[in-house]
Each structure stands twice: as C-alpha cells, then as structure tokens.
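Visitor: These are the residues of each chain, in order.
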Amino acid sequence: MNWKELTKGIWAENPIFVIMLGCCPALAVSTSMANAIGMGIAATFVLIGSNLIISLIRAGVPDKIRIPVYIVVIATFVTMVDKFMAAFTPALSEKLGIFIPLIVVNCIILGRAEAFANKNTPLDSILDAIGMGLGFTIALSLIATFREVLGEGKFFGIPVPLVRNDPCLLMIMAPGGFFVFGLLMAWKRHMAAGGAK
Amino acid sequence: MNDMIQTGKYLFFISAVAGLLLAFTEMVTGPRIAENNRLVLEKARREVLPGAERFDSLEVAATDDAGQPATLSISLGFDPQGRFLGTVQTVSPKGYGGAIDMVLGLKADGAISGVKIQSMRETPGLGTKLNDPEGFLGRFLALVQGGKPARFHVKKDGGDVDAITAATISSRAFCKGIRDGMKRFQDNQAAIQARAQSGPAPTGAPGSPTTGTAPQPAPAPTPTPTPAPSPSPAPGPEPMPIPTPAPAPTPVPPAPDAVPVPLPAPAVPQGGTQ
Amino acid sequence: MTGGIFSIFIVAIFIENFVLNQILGICPFVGVSNKIDSAVGMGLAVTFVMVLAGAVTWSIQEFFLVPFRLEYLQTLSFILVIAALVQFVEMVIKKTVPTLYQALGVYLPLITTNCAVLGVALLNVRKNYSLVESAVNSLGGGLGFFFALILMAGIRERLEVADTPVAMRGAPITFITAGLMAIAFYGFAGLV
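Residue numbers (our numbering), protein chains in the order written: chain A, 62 to 258; chain W, 91 to 364; chain X, 15 to 206.
I should point out that these hints are in silico values taken from the structure, not numbers from a laboratory.
Just so you know, even glycine gets a beta-carbon here, dropped at the ideal spot from N, CA and C.
Hints are supplied without guarantee of correctness; some may be wrong.
Claimed, not checked - Footprint (simulated), chain X over chain A, 3 or more residues, beta carbon under 8 Å:
1) 85 to 98
2) 127 to 140
3) 156 to 168
4) 233 to 245
Said to hold, decoys possible - Ranges between beta-carbon positions, derived for each pair:
5) W:Phe114 / X:Asp51: 47 to 53 Å
6) A:Phe216 / W:Asp199: 44 to 50 Å
7) W:Thr255 / A:Glu155: 26 to 32 Å
8) X:Val146 / A:Ile219: 15 to 21 Å
Please model the entire structure based on the sequences and the hints provided.
Guide: Have a look at this one:
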C-alpha cells in the first residue's frame with residue numbers, strides 16, 4: 062500500500078487550490094455544505110470508477126484512441142451518477158443541476174486518468190482517486206463553509222448565531238464564490254510558502 | 091490496416107459495454123425519476139388547490155407571455171369523489187431577472203385558492219422576497235382570503251397589493267401573473283365548466299383537447315374504494331350535476347393520501363406555458 | 015420564452031454571462047486571460063466551437079436521442095460529439111486557413127474540456143430551445159465568454175505592474191477581480 066498516493070491529494074497536490082483543476086463546480090455549487098458534499102461524493106465516485114477501469118484496461122488501449130476511450134468511460138460513470146441521484150436524491154440533483162453532467166469535463170477526472178491511472182496499478186489508482194476526491198470534497202466544503210455561514214447565516218442548514226439574522230447574500234451569489242476562492246487560494250499559497258512573513 | 095481493425099473493434103467493444111451499462115442504469119432509475127418529476131408537479135398542484143386529488147388537463151387557446159397565440163394547459167382539480175374543485179395553471183410573467191414561473195390555483199368560482207412560485211431569477215434578497223411566506227406571499231394570501239374584492243395591482247399602480255420595497259418590478263410581475271391566470275380562467279370558463287361537468291377523465295386516458303362536446307356520464311371514479319351503495323344524496327355544494335354514484339355515506343373515506351391515485355398523464359407539463 | 019431571439023442573445027451575453035454569472039468555463043478564463051492576444055484567440059475559438067456544438071448537439075438530441083428514446087446517452091454522445099467536432103475544426107482550419115490556425119491552433123484542444131461548451135449544449139436542451147434559439151443562445155454565450163475574457167485580460171495587463179502581495183499574485187487576484195466584475199454584471203439584470 063502506498064499511502065502517499067492517498068494523502069497527496071488532500072494537501073500537497075490538492076486538485077482545487079494547487080493544481081487548480083475543476084474550479085467551475087468548486088465555485089458554482091459551493092453555496093451550501095449539502096451541495097458541496099453531494100458534489101464531492103458524486104465526483105469522487107466517478108473518479109474512483111474511471112481510475113480503476115482505466116488502470117485495468119490501460120495495457121490494451123490502442124494509443125491513438127486513448128482519449129476517446131477515457132471519455133467514454135468517464136461519461137458512462139457520470140451518467141450513472143446523474144441518473145441515480147435524480148432517482149434517489151431528487152432535491153440535491155435539482156440543486157446541482159447541470160453541474161452533475163458537467164463532471165464529465167471536470168479536468169480533475171480526465172487529468173488523473175491521463176497523468177496517473179494510465180501509468181499505475183489499479184490499487185494505486187484507487188488510492189489516488191480517493192485522495193483526489195477527498196481533496197476536492199474538502200476544498201469544496203471549505204469554500205462552502207464560508208459561503209453558507211456568511212451568505213445564509215446557516216451551517217448544514219442550521220442557523221448560526223450572530224450572522225443568522227443578517228446574512229450577506231452576496232456570498233452565495235457568483236461574486237462571493239470568486240472572493241472566497243481567491244482568498245483561500247492566497248492563504249494556501251501563503252502557508253505553503255512558509256507562513257507569516 | 092490490421093491496426094485500424096483492431097482499433098475499431100476495441101472502440102466498438104468499449105462503446106457496447108458503456109451502452110449496456112447505461113441502458114441498465116436507465117432501466118433501474120427511469121421509472122423513479124419519472125415518478126419524482128410527477129410528484130413535484132403534483133405537490134405544487136395540491137398545495138395551491140387544497141383538497142384536490144385528481145387532475146385532468148384541458149388545452150386552451152390563449153396568448154403566451156410574448157403575445158403570440160399558443161396552446162396552454164389548465165389543470166382541473168377534482169376531489170376523490172370526482173367533484174370539481176377548481177383549476178391550476180402555470181403562469182410565467184416576466185420579472186426583473188427573467189420569467190417567474192408561478193403555479194396559480196383558482197377555485198371553481200374563480201377566487202384564488204393558492205399561489206406558489208416554482209422558479210425565478212429575481213435579485214436575491216430583493217425580488218426573491220416574493221416567495222416569503224411571512225412577507226409578501228403571506229400578505230398577499232391574507233389579502234386574498236380576507237374575502238374583499240381586491241385589485242391585483244401594486245398600490246403604486248392603484249391596486250391593493252403592497253409591493254416589496256426596492257422590488258417593484260418583481261411585485262408588478264407577480265400581480266400580472268395573477269391577473270393573466272384569472273383572465274385565462276375567465277376566457278375559458280365555458281370549456282372549463284363543460285369539462286368539469288363530465289368529471290375527471292377515466293384513468294389512463296390522457297386529457298383530450300376537445301372538450302365537453304357531449305358530457306356523457308363519466309364512469310365511476312376509480313378510487314372510491316367503498317362498495318357500499320347506500321343511496322344518500324350527494325352532498326356536493328356545487329350546482330353542477332354529478333353523474334357519479336353517490337359517494338360513501340358518512341365519513342369521507344380517509345384513504346386519499348395513501349391510495350396512489352393513477353393520474354392521466356398531463357399532456358403538457360410545466361414547460362408548456364413558457 | 016419571453017421576448018424572442020434578440021432577448022435570448024442579450025440575456026446570454028450580459029445577464030447570464032457564462033463566466034461571471036453561470037460560473038462555467040472558469041479554467042480557461044483564468045488560464046489564458048494573462049495576455050490580450052491569447053484572450054482574443056481563445057475567445058474566438060470558443061465562440062466558434064460553441065455555435066457549432068450548439069447546433070450539432072441540438073440536432074442529435076432532436077433527431078436521434080429523442081426519437082429512439084436514448085436520452086440517457088445524452089452526456090456521453092454530447093461530449094464525444096464535441097471532442098470530435100473540435101478535432102474536425104482543427105483539421106479543417108489547418109488545411110484551409112493556415113493563418114487562422116496559427117492564431118487559434120493552440121487553444122483548440124483545450125476547448126473539449128471547457129465546461130462552457132458542454133454547458134451550453136445541455137442548457138439548450140433543458141430550456142427546450144428550438145434550433146435557431148439554440149444557435150443564438152450558443153453565439154451569445156460564446157460572445158459573453160469572449161467579452162469577459164478580454165475585459166479580464168485588459169485588467170490583468172495592468173495588474174502585472176501593480177504592487178500585489180506575493181501570495182495574491184496570479185490566480186488569486188484574478189478571482190477577486192472576477193468577483194468585482196460579476197458584481198458589476200449584476201447591473202445588467204434588468205436590461206431585458
């Protein structure tokens with residue numbers, strides 16, 4: 062077991078803040094914790110599925126059609142997630158809207174397929190997928206924490222004292238997403254560069 | 091060349107597997123998704139027309155929000171005994187940020203029984219207050235239930251509706267939606283009455299667009315579970331003749347919520363009025 | 015929909031701007047907005063592909079997926095079509111207009127994974143648009159993307175010489191700026 066493959070996605074190579082892949086869903090659906098975690102789970106599931114399949118078939122795929130094959134595999138998993146969410150969690154599915162089918166063009170997934178699953182064993186690929194999925198979910202939740210608390214006065218739908226009566230609605234709108242994301246990214250860089258200076 | 095065939099085979103194989111998997115997924119989830127969508131629509135309908143259990147759709151010619159002639163759908167709501175309670179329709183007036191999709195319930199006499207906003211793109215915090223049950227929407231419903239005849243314009247335009255501060259356009263749009271819906275009801279009263287008298291369509295048959303040419307006695311509404319044919323007079327307050335066998339005598343059957351009433355497929359769902 | 019074709023066009027560019035309001039296509043928006051030249055190239059390439067993709071995916075939905083009850087293949091077929099389309103456009107431009115290829119060539123492969131392209135295709139279907147409406151909405155969406163990208167590139171060229179804190183340089187300050195632009199774009203909301 063190579064635990065490094067699991068943990069690197071959470072901090073050092075965090076897909077959102079460091080590699081900056083998949084920012085669209087990170088900004089668009091991070092308006093509440095429920096949305097963020099729902100999206101995180103959906104993307105993680107797709108990531109695990111596609112990483113596993115691709116690392117299993119990597120030897121047999123003719124090089125010329127590698128990318129189309131990856132896209133087919135990913136789109137299959139995305140559609141499955143989309144349909145199952147629509148069937149069993151209709152409210153969440155309604156809120157995430159087109160951002161579920163858009164997981165298919167989320168660069169994290171194709172990026173990991175090409176950069177990792179393509180060259181590694183199935184087990185390592187699964188670990189990598191879980192790590193990246195977790196990193197994605199954590200990043201989304203972090204953004205969502207700020208946005209839901211400040212913008213709705215709630216956390217997981219539960220009212221938070223102090224802010225609940227007078228939330229700043231801007232935070233759950235598009236600009237709030239950009240602000241929180243930019244500031245968090247700067248903070249991550251600052252920490253990575255050695256903290257206070 | 092051989093290489094090409096190999097590649098082709100491979101691609102075909104992968105696509106076939108993907109297609110099969112997805113077909114399977116669709117088989118498992120399809121019915122549930124359809125059911126979910128139906129429930130959402132039905133929940134909104136029941137909310138704005140309390141007591142109605144079965145809905146039947148009626149196609150009417152009208153003008154859409156852009157002023158173009160269009161076919162719009164009005165749902166007629168019936169209680170479990172097949173009595174006509176009122177209509178439900180979707181109206182989409184243009185607000186500040188785009189169309190506001192509203193579901194409007196009108197009682198048989200044309201009075202408002204309920205309003206619900208399904209979707210809108212108004213400014214968060216201002217226009218979105220339209221949907222506030224303790225604010226604008228609550229006051230509006232209180233005004234309606236007050237019983238006095240009200241003019242559905244904002245006060246600034248000489249009506250009786252308090253506009254939301256800083257969201258007059260949204261409030262006006264809301265009032266326009268209400269007026270549009272009521273006008274559509276009035277314009278098509280004859281067709282609605284005709285259909286109402288023929289009772290809910292037999293289950294399974296989609297609401298036919300031609301209405302009430304011959305109001306033949308509707309078959310007994312399927313959901314009356316009681317076989318007891320006690321000949322008590324129908325207690326319907328409506329003046330229309332109810333050609334169905336008398337409903338159960340004493341207590342109204344408490345079943346309605348539990349029994350999944352098979353609905354006729356709505357001919358035009360939600361999107362039809364946009 | 016209210017107002018017809020022209021209103022769809024205006025709404026797509028200003029009110030529901032893909033980048034600043036719908037939050038689609040952020041990766042290329044941040045990635046290639048550091049120079050005006052590349053912003054123009056990317057913006058044109060995206061607009062071009064989006065209109066084509068909008069029309070083609072609409073036809074697929076209307077003439078293939080719906081008649082054969084294969085709606086569940088929507089995501090899969092749309093993304094494959096977009097990928098193929100991008101390849102095809104690349105080939106055609108390379109053969110016929112080499113100068114254009116030199117300008118746009120490097121951006122074309124990036125478009126497949128631009129979520130604005132797949133996004134517009136999916137939105138057209140969800141909004142029940144006709145072929146013309148889809149094409150107009152795609153054109154407006156593409157131009158809106160182009161517009162946002164150029165504005166951002168212009169601002170970033172000035173930001174280069176500004177005294178920004180180290181940790182904020184590059185992407186973070188771009189996001190903050192985008193946030194301010196998004197607020198400004200809310201001013202368009204009552205336009206139509």
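Visitor: Which numbered hints are broken by the structure, listed smallest first?
Guide: 8
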